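Please put together the full structure from these sequences, using the hints given.
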Amino acid sequence: AQSVTQLDSQVPVFEEAPVELRCNYSSSVSVYLFWYVQYPNQGLQLLLKYLSGSTLVKGINGFEAEFNKSQTSFHLRKPSVHISDTAEYFCAVSRYSSASKIIFGSGTRLSIRP
Amino acid sequence: DAGVIQSPRHEVTEMGQEVTLRCKPISGHDYLFWYRQTMMRGLELLIYFNNNVPIDDSGMPEDRFSAKMPNASFSTLKIQPSEPRDSAVYFCASSRRGGNSNTEAFFGQGTRLTVV
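Chains as they are written, first to last, in my numbering: chain A, 1 to 114; chain B, 1 to 116.
Derived by calculation from the structure, the hints in this document are not laboratory data. Incorrect hints may have been included.
In silico lysine-lysine, PhoX-like type, Cα no more than 25 Å apart, as pairs [to be verified]:
(1) B:LYS78 to A:LYS101
(2) A:LYS101 to A:LYS49
(3) B:LYS68 to A:LYS101
(4) A:LYS101 to B:LYS24
These numbers come from a predicted model, not from an experiment.
In structure tokens, the structure reads:
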């Protein structure tokens with residue numbers, strides 16, 4: 001079975017600073033990887049996804065993530081954050097052979113300080 | 001498309017009452033998921049359907065919880081009887097398998113359930 005670990009439950013950063021949100025996964029088979037964002041009192045919205053091909057994936061709102069198979073990681077980065085990026089971020093994984101069950105990490109709350 | 005639609009957005013009920021949450025997936029999607037989100041346990045997958053058939057209900061916490069999908073455009077999650085510990089935000093999501101571009105799940109806005 002696959003699983004996802006988000007090591008940081010909270011990440012505070014100053015506005016316009018860079019940020020990295022960490023995600024590690026475990027799986028015995030190839031996987032798809034996702035990052036979702038949840039703004040207060042809203043549902044989850046897809047930021048980006050890795051399915052195959054280039055290991056550097058670009059998403060919405062200036063975010064990007066890099067798939068590292070050897071380290072089983074899929075860290076999310078943004079070079080300069082904005083107040084509006086304040087939200088909870090979830091890493092998720094699903095099996096390559098079965099695009100069905102999607103397992104989520106515990107989430108990282110990103111708080112931006114002016 | 002209007003996206004995944006959940007109703008109601010908020011539900012407050014008394015302990016012991018039956019609660020029914022509703023979901024309309026995106027048209028053409030053949031997978032439907034029910035998740036529960038709490039501060040303590042995060043986002044948990046309760047059950048998911050493929051082509052209206054329940055595939056994995058191992059996340060359903062107890063027999064008090066049941067889910068149905070009578071057709072491709074509607075699903076319900078029922079709790080009977082409800083308990084205060086069921087208070088959470090319940091999300092419905094749908095996805096479509098059929099190529100690399102359609103493997104992510106699209107989420108509804110959620111139903112915030114409070115059991116008093």
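Checked hints:
1. B:LYS78 to A:LYS101: holds, 21 Å
2. A:LYS101 to A:LYS49: holds, 15 Å
3. B:LYS68 to A:LYS101: Between LYS68 (chain B) and LYS101 (chain A) the Cα gap is close to 17 Å, so the pair holds against 25 Å.
4. A:LYS101 to B:LYS24: Cα-Cα ~19 Å, so holds.
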